[in-house]
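**Student:** Sequence:
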Amino acid sequence: MTDLIQLVGQLEARKIHLRSLSEDLDTTSSTGKLIFHIFGAIAEFERNLIRERTMAGLAAARKRGRLGGRPTKLDEQRIKEIRILLNDPDMAVNDIAKRYGVSRGTIYRVLRQF
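Just so we're on the same page, this note's numbering is the position in the sequence shown counted from 1, plus 2.
Quick list of in silico lysine-lysine cross-link-like pairs, DSSO-like style, CA-CA up to 30 Å:
no.	residue 1	residue 2
1	Lys65	Lys75
2	Lys35	Lys17
3	Lys75	Lys100
4	Lys100	Lys82
Label-pair distances were calculated between CB atoms; the ranges are:
no.	residue 1	residue 2	range
5	Gly67	Glu46	32 to 42 Å
6	Asp90	Glu48	54 to 64 Å
7	Asn96	Arg49	45 to 55 Å
8	Arg64	Leu20	38 to 48 Å
Quick caveat, the hints were computed from the structure, so don't treat them as lab data.
Note that the Cβ used here is the ideal one computed from N, Cα and C, for glycine as well.
Starting from the given sequences, assemble the full structure and let the hints guide the process.
**Tutor:** Okay, here's the thing in structure tokens:
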């Protein structure tokens, strides 16, 4: 809402006014400015409601045991195998990545974690 008010203030400083063709909104009048601020407040209220509902939904999902996010490509067993292969001086990171169907960055991440 504050960004909206600042934008209107900057436009007014340049003698620019907003006149909507579809709504009865004209910032040259006091009534138009009031309606503009009310629209902005309602939009902010709606965004906050959406955010609250999203957060409540995520919390409910966590209580049911759902963590969300992207599933990992590597399980613990595959990570152990990769760690063993990383200790082999004859195995290149590229070869390990191809074997497990992941990027080199994923292999280096496994290397950094352990």
